[in-house]
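Visitor: Next come the chains, spelled out residue by residue.
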Amino acid sequence: MIENLGSLFNGLASLMTLQNIAVCILGSVLGFVVGALPGLGCIAGVSLMLPLAFSLNPVAGIAMLGSIYYATMYGGAFSAILLNIPGDAPAVMTSLDGYPMARKGRPGQALFAAIISSCIGGIIGMLILTMFGPILAEWGLKFGPTEMAALMLLALSSIGWLMGDDPVKGIISAMFGLLIGYIGLDIYGTPRYTFGVMHLLGGLPFAAVGIGLFGFSQVLGMIEQRGQEIKTEVDASHLTIKGSLPSKEEVKRILPPALRSSFLGTMIGILPGAGATCSAFLCYAMQKFFHKKNREPMGSGAIEGVAASEAANNSACAGAFAPLLALGIPGSAVTAILLSALQVWGLKPGPLLFTNSPDFAWSTIASLFLSNLLTLVVAIIAIPFIIKILKVPVKFMIPCVTFICMIGAYSINNSMYGVWVMLISGLVGYILNKYKFPTSPVLLAFVLSTLFEENVRKALITSQGKIGIFFSRPISLVILLILAVLLVVPLIKSIVRKAKAPGK
Amino acid sequence: MNDSEENSVFPVESAEQEKQNDANAEKSAGETTAKKLLWIRQLLPAAFILMSIVWIYQGLTKFGFFDRLKGGTPAFMPILCASVMLVASVIALIRSFKEEKPVFHILCFIFLLLGGALIYLTKLIGLLPSLLIFVFIWVKVIEKSSWRSTLIVVGLMALIGYGLFQGILNVPFPNGLIYDTLFY
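Going down the list, the sequences are from chains A and B.
Residue numbering for the first sequence follows our numbering, starting at 6 and increasing by one per position.
Residue numbering for the second sequence follows our numbering, starting at 2 and increasing by one per position.
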C-alpha cells in the first residue's frame, strides 16, 4: 500500500512537464464544454479527441483522454443545474436538486456543491484505486449476471423514492420508461416493438430522449409563460463569484454525502457494466435514506442531493479504471475506448502492466489526479461567466435552447432520427407535466432497462429458468435483503406512527 | 319604464339586466364547454392502458412469455412491466375523475409543428441555416427585439453551431439539396 503511494508520487513527478500539463488543461476545457452540451457526453468527447491523442506520446495522450473523461462529468452538472438539461445520464440525478436550487436563487451554491463533491469523489476514488486497485478488480469479477440483476433492481427501486406525492403515477412513469427502453433489438438481436419502423431497430437514443423530456419540454413551458411576469428569486448579487460561494453551514452539509457517495460510488464503478449512472442512482437513494427531516426534502433543492450524485459519478469514473488497468477488462464504454487507445500505443493493460511498464501505469493514475484538480480550477473560473445564463431573458432562451437541443440531438448519431425522437420526447414530457406525471422516473428507468433485462435473462439462462438463483447466490441475496429492508422499514415506521396516534 | 314598455306583451329588459343575462349565458356556455372537455382528464391514463395492452398483445403473440432454456423470451420483461403499468393505469383512470382538467396552450403545439416543418426545410437548405433562420424569425419577428439583440443572438448561435460543433467537434451537419447541387 505504502509502496503504491510512493510509486504514485514518482508518477506525478514524471508527469510534471509543460506538455503534459498543457494537454491536461486542454482536455479539462474541452471535456467541460463537451459535457455541458446536451447530446454529446463523455463517450463522444473521448472518441472525438482520439486522433489528437494519438499524435502525442502515450503518457500525454492518456492524460488528455483521462482529463476529458473527468471534465465531462463536471460539465454535465452545469447544464443540468442551470438549464435542467442533463449533459449525460449521470447528471440526471444532479438536476433533480440542482435545478430547483438554481430556480430558488442559489445557482452558484449548487454549482460549487457539484464541483467540490466531484473533486472529493474523484480524489477518494483515485486513492482507493491506488491502494486497493488490483484487489477490488478481483472482487468486481465475482459479480455475475445474478448479482448485477439484483443490483439493478436495487437501483430501479431508488426510482421509487422519486415518485413524489402520487406513487401510482410514479409507477406508471417508471414502467413507461422501461417499456420504451425495450424498443429495438434485445440481447440476442431479436427485433421487438419496432412496428415496422426501421429506425427503431437501434432503439431510442438515450440522449435524444433526455434532451426532449427535460430540455425541449422546458422550452414548451417557457412558451406558455411568454408575456407573463415571471417571478424569479435570482437577483444580480447571486450571479457573482462572491454571491455564489456556499456558506460554512452548506459546506458542512456537503461533506458527509460526498464522502459516503465517494466510497460507495467507487465500489459500484468497479463492477463491469454498472457505471457512473447506476452509481449516481444508488448513492442518491442512499442519501435519501440518511437525509435529515428538518432540511429541504430531496428532489426540491437539497444541496445534499447534488453532493451525493456528483461525488458518486466522479468516483465511479475512478473505479472504472480498476478493472481496466489491473485486469485489462474495460468496465464501461469509455474505458473500452481507452483500452483501444492503450493497445494502439503498444501497451497491454492487465496484471503485467505494473510490472512491465510501471512508469506508464503510475503516470496514468497520477494524470487522473492532476486532471481532477485542473478541472476543478477550470470549473471555478467558469462559474461566474456561465451562471450569467440565468440573466438571459426568456424571449432569447426559447430559440437558443431550441437551437442547442436540435443540434445536440442531431450530433448523437449524425442523423435527423435523433431530432425526431427529441421532438416527440419533448411533446411527451410536456403532456406528462400537464397531467402531473413525474418525468424523472421515465428517464431513469429508460437508462436501466436494457442492463436490467440483460442480466435477468442471463441469470435465468444460467439457472435454467429457476428464479431461486437470485436467492441462492450470497451476494445477490444480500442485495435483495438490503432492498427488502429499504422497502419494508419505511412502511413499518408509518404503520407504527399511525398506530401511536389513532385519534388524529 | 314608460307606458308603452309597461304595456308591452314581451317584457322589456333594462340594459343592466341585459348585461347580466349576457354574462350568465357566457358563463353557462363556458361551463358547458368545460364539461364537454372534462374527458381530457382520462385521455392520458387511457393512452397508457392502450399502450400496455398493445405491448402485452404483441409480446404474447409474437414471442410468448417464458422459455425455460432461453431464460425468458424477448417479451418476458416487457410483458411484466406492461402488466404492472396496466394495473396502475386503471387505478389512475378511476382517480382521474376527481382530478383537475389539464390546460394546454395551443402555441406549444404550433411550436412543435414548426419544429417538424423545420426538419423538412433542413432537406432543402441544411440544418444549421434552417435553425439560424428560425432563431432570427423568433427573436426579430415574434419577440420584436432590436436588430442589435437579434444579430448578437444569431451570431452566438452561428458560432456554437459552425465553430464548436462543426469546426472543433467535426459533426457533419446536413448541407441540404441546394448546397449539394451547387457545390458537388
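Derived by calculation from the structure, the hints in this document are not laboratory data.
It is possible that part of the hints are untrue.
[To be verified] So the derived list for chain A, only partly shown, Cβ under 10 Å to chain B, looks like this:
1. Ile30
2. Pro398
3. Ile466
[Said to hold, decoys possible] Okay, the calculated beta carbon distance ranges per label pair:
4. B/Gly164 <-> A/Gly470: 21 to 29 Å
5. A/Lys393 <-> B/Gly65: 22 to 30 Å
6. B/Pro103 <-> A/Trp144: 46 to 54 Å
7. B/Phe105 <-> A/Leu17: 53 to 61 Å
8. B/Phe184 <-> A/Val382: 38 to 46 Å
9. A/Ile192 <-> B/Tyr58: 17 to 25 Å
10. B/Ile138 <-> A/Val490: 53 to 61 Å
11. B/Ile138 <-> A/Lys441: 30 to 38 Å
12. A/Val493 <-> B/Gly164: 54 to 62 Å
Built from N, CA and C at the ideal position, the CB exists for glycine as well.
Visitor: Does each hint hold? Answer for all of them.
Guide: Quick rundown of the hints versus the structure:
no.	hint	in the structure
1	Ile30	violated, 16 Å
2	Pro398	holds, 9 Å
3	Ile466	holds, 4 Å
4	B/Gly164 <-> A/Gly470: 21 to 29 Å	violated, 56 Å
5	A/Lys393 <-> B/Gly65: 22 to 30 Å	violated, 57 Å
6	B/Pro103 <-> A/Trp144: 46 to 54 Å	holds, 50 Å
7	B/Phe105 <-> A/Leu17: 53 to 61 Å	holds, 58 Å
8	B/Phe184 <-> A/Val382: 38 to 46 Å	holds, 44 Å
9	A/Ile192 <-> B/Tyr58: 17 to 25 Å	holds, 23 Å
10	B/Ile138 <-> A/Val490: 53 to 61 Å	holds, 57 Å
11	B/Ile138 <-> A/Lys441: 30 to 38 Å	holds, 33 Å
12	A/Val493 <-> B/Gly164: 54 to 62 Å	holds, 55 Å
In terms of the numbered hints stated before, the structure departs from hints 1, 4 and 5, listed from lowest to highest.
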